[in-house]
Amino acid sequence: MIEKFVIPGVKVQRALKRVRKQGKEYVYTQYFIYIPKAFEKYVTGSKWLVTVIIDSQEFPIGVRALSRHNKHYIIFLPNDLAYYWEKAVGKEVDVIFQRP
Numbered sequence: 427m428i429e430k431f432v433i434p435g436v437k438v439q440r441a442l443k444r445v446r447k448q449g450k451e452y453v454y455t456q457y458f459i460y461i462p463k464a465f466e467k468y469v470t471g472s473k474w475l476v477t478v479i480i481d482s483q484e485f486p487i488g489v490r491a492l493s494r495h496n497k498h499y500i501i502f503l504p505n506d507l508a509y510y511w512e513k514a515v516g517k518e519v520d521v522i523f524q525r526p
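The sequence shown begins at 427 in the working numbering and counts up by one.
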């Protein structure tokens with residue numbers, strides 16, 4: 427069983443979500459990272475302690491479970507670090523996965 431590994435060169439992506447509540451429309455941003463197909467067999471089935479490395483600066487994300495989007499696994503990034511994610515949208519980052 428693999429306890430810790432790095433996925434190099436994945437891109438931070440952004441999606442706008444529109445929600446209608448009581449007649450008002452709200453728009454908010456979600457940041458996420460796709461897991462490459464080659465790494466899916468290593469990450470499925472459990473929660474991971476995730477750290478994102480942007481320009482040699484580490485951002486601990488915390489314990490995350492993977493989500494499915496169509497045929498791919500993704501990890502949602504917390505919105506409280508949106509300032510850093512916005513700078514990294516479209517850029518390649520490294521992601522460290524380790525078992526909690």
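These are calculated hints, taken from the structure and not from any lab test. Worth double-checking, as some hints may not be accurate.
Claimed, not checked - 25 Å max Cα-Cα, derived DSS-like pairs, lysine-lysine:
#, residue 1, residue 2
1, LYS513, LYS450
2, LYS497, LYS443
3, LYS473, LYS497
4, LYS473, LYS450
5, LYS437, LYS463
6, LYS450, LYS463
7, LYS517, LYS443
8, LYS463, LYS430
9, LYS467, LYS430
10, LYS517, LYS450
11, LYS497, LYS447
12, LYS450, LYS497
13, LYS437, LYS467
14, LYS447, LYS517
15, LYS513, LYS437
16, LYS443, LYS513
17, LYS463, LYS517
18, LYS473, LYS447
19, LYS443, LYS467
Said to hold, decoys possible - Label pairs and their in silico Cβ distance ranges:
#, residue 1, residue 2, range
20, THR477, GLY449, 19 to 29 Å
21, GLN524, PHE502, 15 to 25 Å
22, GLN456, GLU484, 14 to 24 Å
23, LYS447, THR477, 31 to 41 Å
24, GLN439, THR477, 30 to 40 Å
Even glycine gets a Cβ: it sits at the ideal position worked out from N, Cα and C.
Cross-check of the supplied hints:
Our distance criterion of 25 Å between C-alpha atoms is broken by LYS513 and LYS450, whose separation comes to about 30 Å. In summary, the hint linking LYS497 to LYS443 is supported, as the alpha carbons are separated by about 20 Å, within the 25 Å threshold. In summary, the hint linking LYS473 to LYS497 is supported, as the alpha carbons are separated by about 19 Å, within the 25 Å threshold. The straight-line distance between the Cα atoms of LYS473 and LYS450 is roughly 35 Å, outside the 25 Å bound, and the hint therefore fails.
Annotation: proposed proximity of LYS437 to LYS463 holds, straight-line Cα distance about 14 Å (limit 25 Å). With a C-alpha separation of about 39 Å, the suggested pair LYS450 and LYS463 falls outside the 25 Å cut-off, and the hint is violated. About 21 Å separates the Cα atoms of LYS517 and LYS443, which keeps this hinted pair within 25 Å; it holds. The suggested pairing of LYS463 with LYS430 holds, with an alpha-carbon distance near 18 Å, which does not exceed 25 Å.
Taking the CA atoms of LYS467 and LYS430, the gap is about 14 Å. The hint holds against a cut of 25 Å. The hinted pair formed by LYS517 and LYS450 fails the criterion: a straight-line CA distance of about 34 Å is larger than 25 Å. For the hint linking LYS497 to LYS447, the alpha-carbon distance of about 30 Å lies beyond 25 Å, and the restraint is violated. Of the pairs offered as hints, the one joining LYS450 and LYS497 is violated, with about 32 Å between alpha carbons and a cut-off of 25 Å exceeded.
For a cut-off of 25 Å, the pair hint linking LYS437 to LYS467 stands: about 19 Å separates their Cα positions. For the hint pairing LYS447 with LYS517, the CA-to-CA distance comes to about 34 Å; that exceeds 25 Å, so the pair is violated. Only pairs whose Cα atoms come within 25 Å are accepted, and LYS513 paired with LYS437 is accepted, the gap being roughly 12 Å. With a C-alpha separation of about 19 Å, the suggested pair LYS443 and LYS513 falls inside the 25 Å cut-off, and the hint holds.
Between LYS463 and LYS517 the alpha-carbon distance is near 19 Å, which keeps this suggested pair within the 25 Å criterion. Proposed proximity of LYS473 and LYS447 is contradicted: the alpha carbons are some 32 Å apart, above 25 Å. A threshold of 25 Å between alpha carbons decides the hint, and for LYS443 with LYS467 the separation of about 29 Å lies outside it, so the pair is violated. Here the CB-CB span from THR477 to GLY449 is close to 41 Å, at odds with the stated 19 to 29 Å.
At roughly 18 Å, the beta carbons of GLN524 and PHE502 sit within the given window of 15 to 25 Å. Taking 14 to 24 Å as the suggested C-beta distance range, the pair GLN456 and GLU484 conforms, at roughly 22 Å. Take LYS447 and THR477: their Cβ atoms lie about 34 Å apart, and the range 31 to 41 Å holds. Our hint of 30 to 40 Å for GLN439 and THR477 is violated, since their Cβ atoms are close to 18 Å apart.
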